[in-house]
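2 protein chains.
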Amino acid sequence: MTTEEKILVAAREEFQQAGFGGARMQKIADRAGINKASLHYYYRNKEKLFQQVLQKDILRLMIPVSMVLRDPSLSLEQRIRTFVKTTTQLFMDQPNLLLFIMQELNRAPERLLNLVRDILKEHGLNDDESRTFRGQLEEGVKNGTLKPVDPEQYIASVLGMCMFPYAARSLVMELLEKDKEAYQNFLEQRQEELITLCRRMIFRSDEPED
Amino acid sequence: MTTEEKILVAAREEFQQAGFGGARMQKIADRAGINKASLHYYYRNKEKLFQQVLQKDILRLMIPVSMVLRDPSLSLEQRIRTFVKTTTQLFMDQPNLLLFIMQELNRAPERLLNLVRDILKEHGLNDDESRTFRGQLEEGVKNGTLKPVDPEQYIASVLGMCMFPYAARSLVMELLEKDKEAYQNFLEQRQEELITLCRRMIFRSDEPED
DNA sequence: GTCTATACACTGATAGAC
DNA sequence: GTCTATCAGTGTATAGAC
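One line per chain: the protein sequences are A and B, in this order. Under the working numbering, the first residue of the first sequence is numbered 1, with each subsequent residue one higher. Under the working numbering, the first residue of the second sequence is numbered 1, with each subsequent residue one higher.
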């Protein structure tokens, strides 16, 4: 692991935990096991370092998510399963990733939205709209295979169901009166249940069709 | 409006936007239209001021939410409707409230969880467990009125569906390719759709029963 | 490339006049 | 209660030796 990488890892931890304003260059240097001056040697200043970290994290979140939403090879059924699995895996691995991005996207939207758009454009190369999540939902509603639903409202719901318990971990923990261990358990069991619940909102039967 | 209140409003805006570390006492003073020294006259230091703001905001969020979850006078059907309506109204009014609390709850959980617990204890005086959201779901599943579901997983899902589009506003906006105005529209239409979707996950029919 | 030492700006907080 | 002036502490960033 190069010094450059060690710095990025250390910086990510610090930025995710403290936010840009609360993060301290000294702490990042400590975590990375180097001197504060070396930090400025690799990344000219705090802002540049932050940009690097944030860009990497946005990629880490947006690429898998937007891919699952648009991958033309997936059936509707498979897409739901894949979406649940992908997000669960991602946030089990990176517990603070989502909230960090939500935070910074909210703090300075104009600075980041162009970046996000480029990522979505570059990695969402599927131009067959009928083979996206949205397109499949639209078609299913039109021909009556699915229960009537606004595709975008449904997508937002799936996003919320999959992501919110990770982003709002402490809040949900308290509302459900669970401790850390019980909540971890809860999240692991959630995958199966999520698929069932997502299906029920649109499918006419609880039985899978493919 | 007293100076004290003006400060709290100004401080909330600044803290919500910049976080504790990024917030500047000077900016709070400017927003409140007073001098920086007066800030310290009313609230000894930054930390105290922050605590005041955060406590008020936690109350603003947790009281209505936990009340809807436990109010013994609500039927299951009514509870879903009320939950959707309450959260929608709250976040339309206070767009940054939820994300701010998620942020701070994540940044320093140990400092805030006791506060949250006290609030929940004080305002969740319903000791008839069978008349809570959880209790009603449990009973419905047991006697077959409802589709089989884990009550807590369902509650977490409803929370996510209602709250996530507000907390992750920019993220969802981009994934759905909407601008600010279109997204506002989307959120207004969402109320109706939310009730339908929440019902479908547990009720055997789309028709309301009461 | 990595260190020590230091410059420089900023911020939270206080003293004291009015 | 509200202001001006100012201090002390901290944090980013750089200079320069090795």
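Keep in mind the hints are simulated off the structure, nothing from the lab. Where hints are given, some of them may not hold.
In silico lysine to any residue, SDA-like type, Cα no more than 25 angstroms apart, as pairs [what the hints assert, rightly or not]:
hint, chain 1, residue 1, chain 2, residue 2
1, A, K147, A, M173
2, A, K178, B, D57
3, A, K178, B, V149
4, A, K147, B, R200
5, A, K180, B, K147
6, B, K36, B, K85
7, A, K48, A, E5
8, A, K142, B, D206
9, B, K85, B, T3
10, A, K6, A, Q26
11, B, K46, A, Q17
12, B, K147, A, L146
13, A, K6, A, N35
14, B, K27, A, L146
Going through the numbered hints above, which ones does this structure break? Give me the numbers in ascending order. Checked against the structure, the hints that fail are numbers 1, 5, 6, 9 and 14, while the rest are satisfied.
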